[in-house]
Structure formats: structure tokens, C-alpha cells
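Produce the entire structure from the sequences given, and follow the hints as far as they go.
Each residue of the sequence shown is one higher than the one before, counting from 510 in the numbering used here.
Just so you know, not all the hints are guaranteed correct.
[Said to hold, decoys possible] Below, a list of computed lysine to any residue pairs in the SDA-like style, where the Cα atoms sit at most 20 angstroms apart: (1) K542 <-> F567; (2) K542 <-> V589; (3) K708 <-> S662; (4) K742 <-> T696; (5) K708 <-> Y693; (6) K531 <-> F594; (7) K708 <-> Y746; (8) K531 <-> P613.
To be clear, the hints were calculated from the coordinates, so they are not data collected in a lab.
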Amino acid sequence: MKTVIFSLLCAAVLFVTPSCNKISGDGPVVSQKLNITGFTGIYAGIDGDVYFTQDSVFKVEIVGQSNIISHIQTYVENGVLQMHFEPLANIGRHTRVTAYVSAPSAYNLGINGSGTLKVLQPIISSDLSLKVNGSGDIYVAQLTGTNLYGNISGSGNINIGAGSVRNESLQISGSGTIDLFNIYARTVDSRTSGSGTTKVNVNDDLTVNISGSGDVYCMGNPSVHSSISGSGKVVHY
Numbered sequence: 510m511k512t513v514i515f516s517l518l519c520a521a522v523l524f525v526t527p528s529c530n531k532i533s534g535d536g537p538v539v540s541q542k543l544n545i546t547g548f549t550g551i552y553a554g555i556d557g558d559v560y561f562t563q564d565s566v567f568k569v570e571i572v573g574q575s576n577i578i579s580h581i582q583t584y585v586e587n588g589v590l591q592m593h594f595e596p597l598a599n600i601g602r603h604t605r606v607t608a609y610v611s612a613p614s615a616y617n618l619g620i621n622g623s624g625t626l627k628v629l630q631p632i633i634s635s636d637l638s639l640k641v642n643g644s645g646d647i648y649v650a651q652l653t654g655t656n657l658y659g660n661i662s663g664s665g666n667i668n669i670g671a672g673s674v675r676n677e678s679l680q681i682s683g684s685g686t687i688d689l690f691n692i693y694a695r696t697v698d699s700r701t702s703g704s705g706t707t708k709v710n711v712n713d714d715l716t717v718n719i720s721g722s723g724d725v726y727c728m729g730n731p732s733v734h735s736s737i738s739g740s741g742k743v744v745h746y
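Below is the structure:
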């Protein structure tokens with residue numbers, strides 16, 4: 510019996526060990542260009558920087574150490590470009606990974622984890638959804654559109670530098686921050702669960718639902734409809 514147990518333990522160690530070996534960055538930084546098209550969004554789960562540009566052509570380029578980026582899975586699922594490390598890859602210290610992505614249209618931009626997603630050039634999107642799951646950051650320099658959806662689960666940040674939309678639907682679960690002071694909206698629906706902070710610039714109607722200690726900071730002179738459970742508040746600038 511002892512022999513059988515010992516054999517099973519050895520087999521378990523041999524099975525687990527490969528996935529436990531930490532993969533640390535090794536060698537120079539290289540560039541990998543991928544032939545991927547047909548996507549209208551990005552959802553990145555890498556601890557790096559993703560730069561998106563709205564352009565007439567598709568482009569996906571990943572820059573990093575070769576033994577690190579070889580473990581990044583990149584594929585299109587339901588129209589969204591997915592970028593994630595392999596599930597069993599135990600990634601250690603490495604040079605920060607950078608990805609450059611372009612596409613004609615963008616409807617969904619998301620981060621899972623601690624990475625960043627930046628849109629440094631103006632974009633036009635009738636419906637744009639920004640989502641952060643974790644402590645990552647999304648920054649959009651300028652947006653022109655109709656409907657904007659912002660969602661944070663965790664301590665991440667969403668920030669838009671300029672622009673205008675008709676409607677904003679915003680949700681925070683956790684301690685994250687959505688900063689939309691510099692983008693004008695006609696109507697805003699804001700929902701906060703936790704201690705998150707939402708900043709909006711709204712002209713017509715503001716609907717606020719807070720459960721917890723979160724705050725909504727408002728520029729403009731809208732009609733305000735609020736339901737607050739906890740110590741959260743609506744602050745007018």
C-alpha cells in the first residue's frame with residue numbers, strides 16, 4: 510500500500526511541476542505581427558499596455574520578450590479580440606508587454622487584471638462599452654458617440670479626455686473611479702455599489718443609485734433623481 514501511495518504522489522508531482530515552473534523574461538524585446546481581422550472590440554488580460562487606434566485597416570502587433578509573448582493567446586471570439594496568457598502559464602518578471610491594435614470600428618474595449626488600454630487618437634463610435642475587471646485602467650483621449658457604457662468591477666479607472674455623447678450608463682462595483690468630467694452627455698444613469706467615485710458632466714437628466722459610500726460628482730445643471738443607501742452622496746460642481 511505504501512508503494513502505491515508513493516507512486517501516486519510521484520505521478521502528481523510530475524503532473525503539477527511543469528505548470529508551477531515560473532517563466533521569467535529572457536532575451537531581447539521582439540515584435541510579433543499577427544494576421545487577425547474581423548473584430549470590433551478588445552478584451553485584454555495581460556499585465557501590459559494595449560494601444561488602440563481607429564483606422565481603416567486591421568493591425569495586431571505584440572512587443573515583448575519572445576519567451577513571454579509566445580505564451581499569449583490571441584484570437585477573435587464573438588467579434589472581440591481576446592488577448593490572454595495561457596491558463597497554465599506561470600509568468601514571472603519580464604519586460605512589460607506592449608500591444609498595438611487598430612480596427613475600423615470599436616464597440617467594446619475591456620481590461621481584465623492590472624493592464625492598461627489607451628486610445629490616444631479621437632474615435633467615433635455610436636455605442637461604446639468600456640469595462641475594467643480588476644485594477645486596470647482605460648483611457649480614451651476623445652470620443653464622439655451616442656451611447657457610452659462604463660463598467661468597473663474592482664479598483665480600476667476609466668477616464669475620457671474630451672468629447673460628447675447622448676447617453677451614459679455607468680456602473681461601479683468596488684472602489685474604482687469613472688472620470689467623465691471632460692465629456693458632455695445629455696443623460697446619465699449611474700449605479701455604484703461600494704466606495705467608487707463617478708464624475709460626470711451632464712445637461713438634462715441624472716439618475717443615481719448608490720449602495721455604500723460611493724460618491725457621484727456632477728457638473729452641469731441636470732434634473733437629479735437619486736436613491737442612496739449608505740453614506741454616499743451626489744456632489745454638484
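Evaluated hints:
Under the criterion of a C-alpha separation no larger than 20 angstroms, the hint pairing K542 with F567 is consistent with the structure, at around 11 angstroms. Straight-line distance between C-alpha atoms of K542 and V589 comes to about 18 angstroms, which keeps the hinted pair within the 20 angstroms bound. Pair hint K708 plus S662 holds up; C-alpha atoms about 17 angstroms apart against a cutoff of 20 angstroms. Simply put, K742 and T696 have alpha-carbon atoms about 18 angstroms apart, close enough for the 20 angstroms limit, and the pair holds.
In summary, the hint linking K708 to Y693 is supported, as the alpha carbons are separated by about 11 angstroms, within the 20 angstroms threshold. Between K531 and F594 the alpha-carbon distance is near 13 angstroms, which keeps this suggested pair within the 20 angstroms criterion. Distance hint between K708 and Y746 is fulfilled; the C-alpha atoms sit about 10 angstroms from each other, no more than 20 angstroms. For the given pair, K531 sits about 38 angstroms from P613 by alpha-carbon distance, which is inconsistent with the 20 angstroms threshold.
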